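Protein chains: 4
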Amino acid sequence: MKVSILGGSGYAGGELLRLLVNHPNTEIVTVTSQRYAGEPLYVMHPNLRGRTTQRFDNREAGEKKTHDSDVVFIALPHGKSTGIVPKLLERGTKVVDLGADFRLKNPKDYQEYYKVEHKHPELLEKAVYGLPELHRKEIRDAQLVSVPGCMATASILGLAPLIKQRMVDENHIIIDVKVGSSGAGVSNSTAATHHSEREGGVRPYEITGHRHTAEIEQELEWLNGSVNVKVAFTPHAVGMVRGILATIHAFSTLNGLEKRDVWRAYRGMYMDEPFVRMVSDNRGLYGLPNPKSLVGTNYCDVGFELDSHSNRLLAFSAIDNLTKGAAGQAVQGYNIMTGVDERTGLEAMGLHP
Amino acid sequence: MKVSILGGSGYAGGELLRLLVNHPNTEIVTVTSQRYAGEPLYVMHPNLRGRTTQRFDNREAGEKKTHDSDVVFIALPHGKSTGIVPKLLERGTKVVDLGADFRLKNPKDYQEYYKVEHKHPELLEKAVYGLPELHRKEIRDAQLVSVPGCMATASILGLAPLIKQRMVDENHIIIDVKVGSSGAGVSNSTAATHHSEREGGVRPYEITGHRHTAEIEQELEWLNGSVNVKVAFTPHAVGMVRGILATIHAFSTLNGLEKRDVWRAYRGMYMDEPFVRMVSDNRGLYGLPNPKSLVGTNYCDVGFELDSHSNRLLAFSAIDNLTKGAAGQAVQGYNIMTGVDERTGLEAMGLHP
Amino acid sequence: MKVSILGGSGYAGGELLRLLVNHPNTEIVTVTSQRYAGEPLYVMHPNLRGRTTQRFDNREAGEKKTHDSDVVFIALPHGKSTGIVPKLLERGTKVVDLGADFRLKNPKDYQEYYKVEHKHPELLEKAVYGLPELHRKEIRDAQLVSVPGCMATASILGLAPLIKQRMVDENHIIIDVKVGSSGAGVSNSTAATHHSEREGGVRPYEITGHRHTAEIEQELEWLNGSVNVKVAFTPHAVGMVRGILATIHAFSTLNGLEKRDVWRAYRGMYMDEPFVRMVSDNRGLYGLPNPKSLVGTNYCDVGFELDSHSNRLLAFSAIDNLTKGAAGQAVQGYNIMTGVDERTGLEAMGLHP
Amino acid sequence: MKVSILGGSGYAGGELLRLLVNHPNTEIVTVTSQRYAGEPLYVMHPNLRGRTTQRFDNREAGEKKTHDSDVVFIALPHGKSTGIVPKLLERGTKVVDLGADFRLKNPKDYQEYYKVEHKHPELLEKAVYGLPELHRKEIRDAQLVSVPGCMATASILGLAPLIKQRMVDENHIIIDVKVGSSGAGVSNSTAATHHSEREGGVRPYEITGHRHTAEIEQELEWLNGSVNVKVAFTPHAVGMVRGILATIHAFSTLNGLEKRDVWRAYRGMYMDEPFVRMVSDNRGLYGLPNPKSLVGTNYCDVGFELDSHSNRLLAFSAIDNLTKGAAGQAVQGYNIMTGVDERTGLEAMGLHP
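Chains as they are written, first to last, in this note's numbering: chain A, 183 to 535; chain B, 183 to 535; chain C, 183 to 535; chain D, 183 to 535.
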């Protein structure tokens, strides 16, 4: 497979490179970056030193080379894909877009959450929301896969079995997210992402109206047959580099709900999933999901607990925001689209400590 | 004032020393530590080097010296105060206890949350819950002040105006706490508090049935006239050293609630409080409470937002767990008990960055 | 005393504000910032919230107000002071400059290390290098005090007794520095200062020819009577926020040198210094200098060891780069210049942990 | 190949498991731990969850199973191997020992540096110092490989070309090491390794007489034909988890030495080495070795600079202390001993960020 990566100097683009450089079925035709055009990839991604001699292409050179590509990955800032994707689709190229431009089905959601009028609403239905645990079959046949947001991935996977089985009150779902600094992206370096400002604190941000709310509700409503779901979503910037923990506080709607019932719901949905693990036994160092164990992996670890005191069904979902939350999930989708084993290139098992 | 500190080698004891060594009204008669008896204080608390020549006394020597003391601070592990306090009270000594032994009013709560039969239930009513923002007058006349738990302090101060004004559904209150490593205490050093295990992760722990739940509900019910309050409380260990952020997700019960109404509730309660600040303008680097700004200070920063999407009233409350969450609050109570300006010795303003 | 702060939005300016807001002898007339003009100070320095209602002035307004000032502090980027200082001096105003523009005595050093021709070489002799431990008397009478660089402060104080007593080979002095992220300044936020890039690594930078070399050698040669000193200086960016540790590897020139000789050299020089502490007993948690204990304080902790294996005299020197390394030292100089107790406003004792 | 791991609950043992669980030529027969016997491996090493169903064996069960093993890895605390290795060797089993018991050739060095009389001095000559870059051929035929210490690995690889080419003064070599917290090991959890104590500081420790000095000098003297080498070695604990940076300050002995000469020395030695990379171009984010890029990899990154000001030859060497500094190097040796491609199982390329 020949692939192009448009936007290779950011963190998501770099993570794509890490996963694709040694991918057995893959030849990287071009990696673009306006800022670093002509420079070797390792200038921006020091981990690639000695592993590839490729250099960044500028936009024009890169675009030309996409003509040769079977699959184009787009890791550009939100809003940039809309202008590029239609041409690629016309040409018959497959596209895996890591941005938000094609995640939502309802054009109105772009107005509400992104404050833009979508330029190609006709493509929204064509795009497949690239969460394999929900849409594996559609991804197989898709020409355009839109990779979910990092916090949306953790949230949806943590909630899906509960929503599908209608175990919780859909109108009072709290998602309290803790996210590492790499989620801010490298080009968004501001005073608030400066090491001095971030280290040693916890900073709530975009505390209401967060954009990922739209895709979380869209997918959960798809799962439960269009029952309205209201998600109260608030992220917090913490002093780790990679990782997301979504803590989901929901209220049980079923009388006499027991742990084994919830367990069964999760098992039923994830038993055969290669990248979802149940971590719910409270055993050992991290007996519940902790993103620390997941750095560099494509796993989503999920766990839960019942709290009889508050009638709460508490769930946890952890991922690496750049892997399962972005580039890893993109490669997982790419594997599915191109018919190879879904786990190809995604076998890393995490570090301890 | 002559004061003793029983248990001076832990983090709370050390923070007491930091605040009292230069306290203008105070002479420290003894500081005890079984493990470090005979050693200079700076062996355990390097920040005290050059600021005091005192040494740790052993338990016996220390106990003798308490006879000379006007006030005894107890910073021993939970459960140790019960045996010591009655004797001190008989003698007429004032006591400020940083542990949990006298925080709860209902002896049954000790059975439920601490799995012990309380040895001196008759003293529970005598003890004053040492949160000045709620119990300033009682502290003034108290002989025994029981300093609130660190996470309880943040939670109660974040919620108090909302509960008092009955603005939120008392049965669906989520408190999602992020806490630094100093909360674990120095003597509880385990694999999980090892730097290698903690740094770079977010670890949920004691996710249900946390002991601080009892005192939070006790105080909130005291505030709202005994209406039952159910708190769903879950802490998370993050990779900072000092600090707590309590994120409070509650659901509004009032139709047409506006920001100014909530603002008025907070202002009404905290306007004259020397150590509670409103941080709710979303302006500047940290426009909402962030414990980073509070390291070493006795402030509690509170802020809030209305989320019309989920009908949520979202509140944030941040403190330094060792200062306002333990030793600073103890000194604040001590100041009140001994009739000096409440702010004495607690003027530090935090660092940036 | 009426003081102005030119350049108040950076980290050094913010630290000046922290130290001066409550300084008993001081009224802050103006704090300038082009970027934040009109905004309250807490927008950039969240720790000042509730402690001052002042706002940033723009450059023009600020400059006018300096006419009223007894002392002007300059915390602008290097190179900006040269244009401002001459006018202030003419007017008779006292100046404390935190930048490098007047630190070096030899104009040629500016060519070599800063790649600029100095515009006012005639003022270099007039300026006093503001390290009180070496130049206290001159500071007392100075009109222009040039505050030493942060890494220079740690290095000079660690080496001074050894150089003065000619205990080490002046041509083979290694200074290996570890520095926190606040040293980079807030306005220099680049990819390399991004939390994601800095946390979890150690990055050597400006490994040869570092600008602080010039002031270190200048001061050490002043101390030892103009014997040539060659310093091999290399800093490393580590993942802490505040703090510098300078590890000094030198080779002994005296036969039979013993620890007590070295101890005597340090004691002789620093015995009466309010802000230099000997930390050399290897006792307790940090029995050698560790910048962690010094966060927010004006101390310089120094310690040493003899290594018979390599004939080495090893010294350590730790400071908070923003306090003793910048604003604290500026205030110390200001106190001396204005005849108040040198320790005024600088009494903080550090935190543990 | 059937392998046993004696001592699998520590960090080095866990890293061995990470590397061997998927190693294509390897079946793990037993992993021992007294403390966790009977528990699944993931209890101690959360990253192994879902990747193996093995459990820890106790010592006795484990020892029996070593009879079936072709190779035994020992990751026990220093001093424990001496009693175990002789029996294994008699039986004809190959041994890879990660401890220090067989690293030194001269029994007197054990007296000096480890304060013990070596029980089996006759085995010291038989043991091969397991640094492939120096002893690849001997490793191939060895029955007992003694894996170098983590800080020794970084130091030797950084210095080897300079020593071999006799470019630097052998009597004035400074090695200033910065090391992450995982180097302390999980079982040595003390107050000083507690997150609260370590985070945010730099703590020099074992500043003279460090044990790794002995193996560094042994190997460098082996390289340069027994010319005496004196290494002045001092480590510093910093707030990262994995990683070592060794900064080597040496003084050039050759007149007119140029960068290309030094470059040639490094290239000559490392050109064909699969796990040593030259990072010396000062290009991009980390243009010099930074352990951050190496987390989880088996690389050693080396770089250098000439400093004409101080006649210094400055070198940097970075590794992950648990991989190239312990378990990765053990697996590299194991691959060589067993005749498979040296890189097998060690292909990870590091993360960014």
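Wrong hints could be hidden among the right ones.
In this list, chains with the same sequence are indistinguishable; a pair is considered to hold if it fits within one copy or across any two.
Computed list of lysine-lysine pairs in DSS-like fashion (alpha-carbon distance at most 30 Å, straight line) [as the list claims (entries may be wrong)]: (1) Lys441 to Lys297; (2) Lys290 to Lys441; (3) Lys441 to Lys246; (4) Lys287 to Lys441; (5) Lys290 to Lys247; (6) Lys412 to Lys290; (7) Lys269 to Lys308; (8) Lys184 to Lys441; (9) Lys247 to Lys441; (10) Lys441 to Lys412; (11) Lys269 to Lys319; (12) Lys346 to Lys412; (13) Lys301 to Lys346.
Because the hints were derived from the structure by calculation, they are not lab data.
Just so we're clear, the structure is a prediction, and the values are computed from it rather than from any experiment.
Hint check results:
| no. | hint | result |
| --- | --- | --- |
| 1 | Lys441 to Lys297 | between (42 Å within a copy, 23 Å between copies) |
| 2 | Lys290 to Lys441 | between (39 Å within a copy, 27 Å between copies) |
| 3 | Lys441 to Lys246 | neither (55 Å within a copy, 40 Å between copies) |
| 4 | Lys287 to Lys441 | neither (35 Å within a copy, 33 Å between copies) |
| 5 | Lys290 to Lys247 | neither (35 Å within a copy, 53 Å between copies) |
| 6 | Lys412 to Lys290 | within (17 Å within a copy, 38 Å between copies) |
| 7 | Lys269 to Lys308 | within (14 Å within a copy, 68 Å between copies) |
| 8 | Lys184 to Lys441 | neither (47 Å within a copy, 41 Å between copies) |
| 9 | Lys247 to Lys441 | neither (54 Å within a copy, 39 Å between copies) |
| 10 | Lys441 to Lys412 | both (24 Å within a copy, 21 Å between copies) |
| 11 | Lys269 to Lys319 | within (25 Å within a copy, 57 Å between copies) |
| 12 | Lys346 to Lys412 | both (15 Å within a copy, 27 Å between copies) |
| 13 | Lys301 to Lys346 | neither (33 Å within a copy, 49 Å between copies) |
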